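S.K.: Protein chains in written order, with the working numbering: chain A, 1 to 115; chain B, 1001 to 1391; chain C, 2001 to 2249.
Mixed in with the good hints there might be a few duds.
[To be verified] Below, in silico cross-link-like pairs of lysine-lysine (DSBU-like), each with a Cα-Cα straight-line distance of 35 Å or less: (1) A:K82 to B:K1307; (2) B:K1154 to A:K42; (3) C:K2207 to B:K1184; (4) B:K1273 to A:K95; (5) A:K87 to B:K1306; (6) A:K25 to B:K1184; (7) C:K2163 to A:K63; (8) A:K45 to B:K1307; (9) C:K2181 to A:K82; (10) A:K82 to B:K1154; (11) B:K1273 to A:K26; (12) A:K26 to B:K1232; (13) A:K63 to C:K2140; (14) A:K72 to B:K1306.
[Said to hold, decoys possible] Just the calculated beta-carbon pair ranges, DEER-fashion: (15) C:P2201 to A:V98: 56 to 64 Å; (16) C:D2185 to A:Y104: 31 to 39 Å; (17) C:R2188 to B:G1308: 35 to 43 Å; (18) C:R2188 to A:Y113: 24 to 32 Å; (19) B:A1280 to A:I88: 32 to 40 Å; (20) C:R2047 to A:Y113: 31 to 39 Å; (21) A:H85 to B:G1308: 25 to 33 Å.
[What the hints assert, rightly or not] Here are some, though not all, of the chain B residues that point toward chain A, as calculated from beta-carbon distances under 10 Å: (22) V1135; (23) G1137; (24) A1144; (25) T1186; (26) M1197; (27) S1204; (28) G1276.
Worth flagging that the hints you see were computed from the coordinates, not collected in a lab. It should be emphasised that the depicted structure is a prediction, and the values quoted were computed from it without experimental measurement. For glycine and all other residues, C-beta sits at the position ideal for the given N, C-alpha and C.
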Amino acid sequence: MALEIFAYQCKKCGQLHYPYRMVCKKCGKNEHNEFDPVPLPKEGKLLTFTNVYALPPDFNVAKLGLGIVELKNGMRVTGQLKIPHPKIGMEVSAKIEVVRESEYSKNYGMVFYPA
Amino acid sequence: MREVYVVGTGITSFTRLEYPLSEIAAYPAMMALKDAGLSKVDHVYVANMGSARLNHQTGLASAVVDTLSLTPAGAEAIENGPASGASAIKQGFMAVASGLHDVVLVTSAERLREVNNLEDTDFVATLSHPLAEYVYGVTLPSQAAMFARLYMQKYGVTERHLAMVAVKNHDNALLNFFAHLHEKITLEGILDSPEAMTNNPYVSEPLRFYDCCPVSDGGACVILATAEVAKKLKKPMIRLAGVGQATDTHCLHERAEPTDLLAVRGAAAQAFKMAGITPADVDVAELHDAFTILEIVESEEVGFFKKGEGHLALERGETRIGGKIPINTSGGLKAKGHPTGATGVGQAHEIVLQLRGEAEKRQVKDAKIGFTCNFGGFGNNVVCLTFIRED
Amino acid sequence: MSTDVEKILRPIDNPIPPFPPKYMKLASGDEMVIRQVGREDIPDILRYVEPLIHVERDYYDIVAVRLYSELLAYYRYRVQDEYVLVAQIDGELAAVVNGRLLSKEVGMSYHTVALRRGLRVGAHAFAAKMEYHIDIIGQKEVLIVAESPIGFRRWMIEYGLEKRFHMAHELGGVPSWSLTKALFDQARDTLVVGRRPVPPPLLEKAKATILPPSDPPTPPTDLLAATRSLYDSTGTALMSQRWKQERKG
């Protein structure tokens, strides 16, 4: 099964949201759950990034790459980076992988590699 | 609306405090009651962020009001992340201004050091969006770092500017008895020497160890009252003249212009407008410098300097004690310390001392108007306060 | 007779190369010298380690008690192949690190005690100790444990140590972690600093006397002294805090 991270599109006005919210930020119509899930594109440009060295206990690594990526449809997402020498503006593409494991739970998310 | 005055204030050292959380809230309250010359209040607010998670205690306000033997006064705990302190002051302001209460005690406490620093990192990281940020390992330093990288590229801010903020605030903290870090640092030691990378390693690139605030325990308190009560108490009349609050998107990545802090801009504008002053009127300010970059950016967003020029003002020494607009005379979060929920009240404590002329060696000459900016989450919930001395 | 017994009890140290002294600049701008000391310096150091025995915070007490015994054993020839390095700022004792050789190829790290908090003094001293084992003596690995969570986070996670849990460490018999040469090589650039040779005046000052630390960790003074003193008619709590602060400035 192909894994996806979804954006949520307002059924009234078409506005995309990521992450999910319960009321559309554009048309503001309070109609709960009137959104269509739309898979986020995997390709985009790196907007900003960091390597984190002080991590919460769930991460048993010395450092973790994180970044904000502007996807090709203009949406932005936060994700992990597996890029040796990241540069602002570089082309990246994502795979959906396990980003955090704690006890019995696994969380999937976007992990970006050089395009 | 009735006018609201600060009639008493108190604080603990911001450091590791091996005392029960309710005592950390109670000591500054006792100090403030003594300062004001009061023994009774109508209502108590307690600002705190992590009692349930860090200290295994809920209903903190009930514990504090009883510890102080102030029962049956009403009491509530206020949680608004790292902006809990200023939020609690805002609640106190509304209670007095509305006519509901005449004297309100706003105290605060945080005891982060009860758990280890890994757990504290995780605790503070829970401020971020649970599904779109937290799961990836986003922490507050990492958000500040991603923000800083863009900001530095756009406006020409360098690591040297960030280090200059740290050196300035460490210097100020040396003059503050209650500060967490009494540690002189130099640009040479943290930036220029061959050992600087090891002395001052990256926490989250491009932010280094000395760009981040320490993890502190601590508490602070202010007592708010009506003009009628304040006049009887014979302390300098410090009016809480303006309060402002604004929010922004939960996720950092959703902001249209990622280098703007719109919540700071909005909250500050409200606080100035209510007080009927402009940013240029401010004599002394406490800004939320959990990370050095934030002091520079906030100094622009609140209106002290033009956008993109905060670091130039820093270079010119305008934010030092004795400069045009001294910022973080207490040492700021950077060196005075950051007991999350108590920080906003700690900022107000410093401004009250400054306006009263009681700030000892770090006194800003003739300070009449003070300003605080308390920042919750990564800029998604900001509370600003304006204080004016009336003679 | 007594001489003969002493001959049996007193271990004979294996020859190891001395640690060449180095110096570095701290965040404060001060210069810190790290050098090896001999038996004759131990009584001076013991004097400053002893008060830490009463500091419960961060396991200073356990570490100080053990370090005291290790230093004493070194001084009076009851431990084999031990060495002691000290870090000094302006002559003042800032940190003590020690360890010994388990075999020719394996080292055993004992303790790292910072007498000056902050400024990464302990980190520099620990790194110097690892440098001694691996680069200067030329060992393959060093066995390490941490008593305090701070130590654990710093060493086990920053260096990414390997498990050697089948080997009990001499400190408390707990499972060992190992810093191998390969791991040390990876960490070298970021963790190991220092310049050699030490300028002669700096080194002479350090060697002249080991001065007492000016602000060592102490049992908690009353951290709420200022507030408590409002209710303390003698005011001693506040006064003692003030004195402490004045000494600092």
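S.K.: Which hint numbers doesn't this structure obey?
M.R.: 4, 6, 12, 20, 25, 26, 28
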